[in-house]
Amino acid sequence: MFIYFKLNSIIIIYKLRLKIMIVMLIDRLKEVVGEEWVITGEDTELYSYPAFIPLKVNPPIVVLPGSEEEVIELVNLLNENNVKYLVRGSGTSLSGSTTPTQGEVVISLTRLNKIYSFEGYEITVGPGLANFMINKFLSTSNLFYAPDPSSYVVSSIGGNISHDSGGMHTPKYGTTFDSVVKLKVLLPDGSVDEIGGSNFFDPTSIFVGAEGTLGIILRATLRLFPRPEKSKTLMASFNSIEDAARAVINVFRCGVTPAAMEFLDKNSIIAIENTQYKANYPITEAILLIELDGYSENVEEEEVRVIKAIRESKGEIHVPKDEEEKNRWWWGRKGAFPSFAYYSPAYLTLDANVPRSTLPTILKFIYDISKKYGLPVANSFHAGDGTLHPLIGFNPKNVDETINAIRAAEEITKFAIKLGGVPSGEHGIGIEKIKFMKLYYSEDDLEIMRRIRNSFDVKGLLNRCKLIPPSKGEICNVVNKIHSYLLEGDI
Amino acid sequence: MDWVSEVERVTKVNEGNNKGVVKWEITVIPQSYEEVRNIIKIANERKLSIYPYSLNSHHIGPPISVNIGLNLSNLNKIIEISDEDFYVTAQVGIKVDELFNILKNKGLFLPAYYNGSLGGFLSTNLPTPFSSFYGYPKNLILMAKIITGDGIIVKSGGKTTKFSSGYKLHKLLSGMLGLLGIYLEATLKAYPYPEVIVTAEVKNINLTSKYRPVSLIYEREKEEKVIATFLGFKNAIEKMERELGIKSVNGFYTIDYSEGENVVSLHITRGREIEEVKKAYEYLSIRKTFCIIGTGYCRLMLNSFEGLEKLRSSINGYVVVEKGEYSGDYWGFRSKTLHRLKNALDPNAILCPSLYVT
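Chain order of the listed sequences is A and B.
The numbering used here puts the first residue of the first sequence at 31, with every later residue one more than the last.
The numbering used here puts the first residue of the second sequence at 893, with every later residue one more than the last.
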C-alpha cells in the first residue's frame, strides 16, 4: 500500500515555496517568452484540466513559448529553481495526463506549430501542430498522415505521440507509434537529443506513449502513407449486439483487413439521430461502419467477401447512394461523443483495448454495469482493433455521482483486463487509470518503469504522479476526494 | 568457486567460441526463463559480460569478446496462435521462416521473413520484404517478455492491437542488438493471409502507384532493377499484370542478410533511397546494393571501406557499418537518451559491452 501525504507539512512547504518562487520567477519567465505569453491569476483556469473533466486544478502559472529555444530556456530556468512543470498541447487528453495536480507550471506548446519540411514519405512538424493540419497541408499530395484520433481537428501532434493516439484507421495503418520516424526531444536536464531515423539503437519508442514524463518533444518527423486508389464504405445493421460483435471477427476471417471498422450501439444511434450529427442511421441494436481501401480491383473483391461475412452474421448491408450520404454516415460516427449530451451533461469515456473475440462478452458486461449503477451508457468504438469506448454519463456537479461513474468505469476496465485486454489502448493512463497499472503489471514491471523515469527526470520535476503509481514513500499531492479516489480507490 | 563452476550449478555449460567476430569463453544453453535469470544474476555479481544469441548468424557491428555466450535456441516454443484475434506468441529461439509457414497454414500472414531466429529478428529490427508497407519488426511487436541486464523479467505491451498503458519496452528493445535487455518471448501482430502474393520486376512504379505494392526493392549489381511485391486477390493481380504488361511470379523477394563481407547500411529519408544511394557510389567501391523503398534503409556490400567517412559527411542520414573489420566508428551516431536507458536497464553494463558506447 502506497502512502499519500495529504496536506502534510512537506506539501505545504512546497506550496509556500512555489508561491514565493513564482513571484520571483515571473519576470524572468516574461523575459523568456514575452509578457503576453505568460498567464497568471484566474485565466489559468483555462489550463486547469484537459478533456478529462472530473478533476480541475488551476496551475500557478502558464507559459506559452514560441520557439524551441524558448522551451529550452524555460526548462533550464525551472530546473535551476526546482519548480515542477508539465507540458501540454491542445488539452484533449482524456486520461488527465496534463492536469496540473502537483502544482506544476504548465508549458503550453501550441505555438510550436510549424511544418518544417516535407520530403519523400516524411514530414517534420512542431509538437503544437494540430493533427488535422498535416492532411490539410498534404491535400494536393498523393500521400496522407494516417493516425486520426477523434480529436484530430484540434489535438496536437505532441499530444498524439505522448499518448500513442490511434483513431479509426488503426486496423490497416497502425497507431501514432507506427508513424513516428524521428524525434527531437528536450530531456529534463535541459539537453537536447535528436533520435530515430535508423533501425538500430533508436530510442524513439520510449517517448511514444510516455505521457510527457520523460522529456519534451520539440519536433517530430512522421511517416506518410500513399493514398489508396479507392475507398469504399459499407454499413451493416444488426438486430443483436452479439451478431454485430461476431461479424467483426468474421470480416477479418474472410481474408480482409478493413481500413476502418466502427461500432455504434442503439443508444449511440439514438443520440446521434437527435443532434446536429444526424446521419439517418437505421434505428437498430447495432451498426458497423466499414471502410475498405486500396487498389480498386482488390477493394471490389473485399466488398464481396465482407458482404458475405456480414450476411452470415445475420446483418443487413447498406451501401451509401452517393458521396454525401457516405460522408454523413462518417460525420455521424465522429459526432457520437458530443451527441451523448442527449443523455447526460458529462461523460467518462474509457479506452480499454480487448481482443476482438471478447467483444460480445464485454459489451454484455457494460450494459449490466449501466443497470447496476443506474447510469446511461452508449458504445461507439473502434471495433476493428478492439478499442472500447463506453461513454458513461454523470453529473459533474455531483461529487458522489462522479465517483459512482468512476466506479462503473473501473469495473469495466477491470473486466477488460481479465479478458486479456489492456487498461488503455489510446487515451493513456494519466491520473484516470493509474491504479489499474498495479492490476495489469507486476511490481517488478512497475519498478523498471520507475527506474526509466528516474534516469531521465532525476530531480522529479516533470509530470509526476501520473502514468506510473508512486513508489513507496513518493509524495503525491492529493487535490480532493475525486483525486484521492482515482489514486487510491479499491481495485 | 570459480565463476564457470558457479554458472554450471544453474545451467549446462558448453565450450565457448573462439572463431568469428563474436567470441565467448563459455556457452550456456538455458532451458527456462528461470535459468536465464540465474545466469544473469551470476554475471552481475561476478562482473561477467554476456552476449545473447540463438543462431549467431547476423552479428551486427564491431567484433566483441565476452565471458558468456547465452544461447537461447532451446527457448523455441510457440505459446499461442489466435486465428480470431490475429496474433502469435512465441519464444525467441524459433526460426522466423518456420513461424511464417506455421502461421500461413492457419490462414495468418506474418508480414516478415528472416533467415534467423525470432530473437534476432526483433533485436536487429532489420527491414523485411514487406516493410515498405508494414514497417519494421518493431511495428509488429504487440507484447514481449524481456529480461533486463540485472536479471528482472518484465512484461511490456499487450496482445491487443492498441496499447497506451505504460512505457513501450517491448518496442524499445527492437534494434538494440541486446544492449538494453534480452527478449524471451514476443507476441506479434498478424493479418489474414492474402489469396495471392506475387513479385515482378517493374519499371516506373513507385509506392504511390494505385496498385499499392507492399514492397519495392531497388537492386543494383551489374545493372539496376526494381522488384515489387503485391498482395491481394487473383483477379486484381491479373488485371494489374495486363495493365502494366508484366508477368509476375508467385512469392516475394527474399533478403539474405548473411550475404557480404564488408557491409554498410544507409539510414536516410524514406522515399529518397535511390537518390541517396547514388551518392554513395561516388564515394565507395560497391559490389552490390539493395534498398527497401519507403523504409529509408539501403544495404551496400562493399569491396572496401575506403571513402566511408567522406560519405558520412556528405549524406543526409546515417551510415552504419554492419559487417566487416572497420577501424573507425561503426555507428556514426550517439544518443543521450540511450545512455540513460542503458543505466536504467543494464546498470552494471553486462550486456554486449563495447558493442555500442552510449
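Where hints are given, some of them may not hold.
[What the hints assert, rightly or not] Listed next, the in silico SDA-like pairs over lysine to any residue satisfying Cα-Cα at most 25 Å (straight line):
(1) Lys166(A) with Gly1199(B)
(2) Lys1126(B) with Asp475(A)
(3) Lys344(A) with Lys448(A)
(4) Lys1131(B) with Asn143(A)
(5) Lys260(A) with Ser974(B)
(6) Lys344(A) with Arg257(A)
(7) Lys448(A) with Lys1126(B)
(8) Lys1228(B) with Arg257(A)
(9) Lys489(A) with Gly1137(B)
(10) Lys394(A) with Lys427(A)
(11) Lys1102(B) with Arg257(A)
(12) Lys444(A) with Ala376(A)
(13) Lys344(A) with Thr1250(B)
(14) Lys448(A) with Gly1137(B)
(15) Lys1126(B) with Glu342(A)
(16) Lys214(A) with Ser1205(B)
(17) Lys1095(B) with Ser171(A)
(18) Lys1102(B) with Thr263(A)
For the record, the hints were derived by calculation from the structure and aren't laboratory data.
Against the structure, the hints:
A threshold of 25 Å between alpha carbons decides the hint, and for Lys166(A) with Gly1199(B) the separation of about 43 Å lies outside it, so the pair is violated. Between the alpha carbons of Lys1126(B) and Asp475(A) the distance comes to roughly 47 Å, so the proposed pair goes past 25 Å and is violated. Restraint check: the Cα-Cα separation between Lys344(A) and Lys448(A) comes to about 29 Å, which exceeds 25 Å; the hinted pair is violated. Straight-line distance between C-alpha atoms of Lys1131(B) and Asn143(A) comes to about 44 Å, which puts the hinted pair past the 25 Å bound.
About 30 Å separates the Cα atoms of Lys260(A) and Ser974(B), which puts this hinted pair outside 25 Å; it is violated. Note on Lys344(A) and Arg257(A): the hinted pairing is violated, with a Cα-Cα distance of about 33 Å set against a maximum of 25 Å. Straight-line distance between C-alpha atoms of Lys448(A) and Lys1126(B) comes to about 41 Å, which puts the hinted pair past the 25 Å bound. For the hint linking Lys1228(B) to Arg257(A), the alpha-carbon distance of about 36 Å lies beyond 25 Å, and the restraint is violated.
Restraint check for Lys489(A) and Gly1137(B): the C-alpha separation of about 64 Å exceeds 25 Å, so the hint is violated. Of the supplied pair hints, the one linking Lys394(A) and Lys427(A) is violated, its CA atoms being roughly 29 Å apart against a limit of 25 Å. The straight-line distance between the Cα atoms of Lys1102(B) and Arg257(A) is roughly 8 Å, inside the 25 Å bound, and the hint therefore holds. For the hint linking Lys444(A) to Ala376(A), the alpha-carbon distance of about 22 Å falls within 25 Å, and the restraint holds.
For the suggested pair Lys344(A) and Thr1250(B), the alpha carbons sit about 58 Å apart, so the restraint of at most 25 Å is broken. Between the alpha carbons of Lys448(A) and Gly1137(B) the distance comes to roughly 54 Å, so the proposed pair goes past 25 Å and is violated. At roughly 23 Å between alpha-carbon atoms, Lys1126(B) and Glu342(A) fall within 25 Å of each other, so this suggested pair holds. In summary, the hint linking Lys214(A) to Ser1205(B) is supported, as the alpha carbons are separated by about 21 Å, within the 25 Å threshold.
For the hint linking Lys1095(B) to Ser171(A), the alpha-carbon distance of about 22 Å falls within 25 Å, and the restraint holds. A threshold of 25 Å between alpha carbons decides the hint, and for Lys1102(B) with Thr263(A) the separation of about 18 Å falls inside it, so the pair holds.
Violated hints, listed in ascending order, are 1, 2, 3, 4, 5, 6, 7, 8, 9, 10, 13, 14; each of the other numbered hints is respected by the structure.
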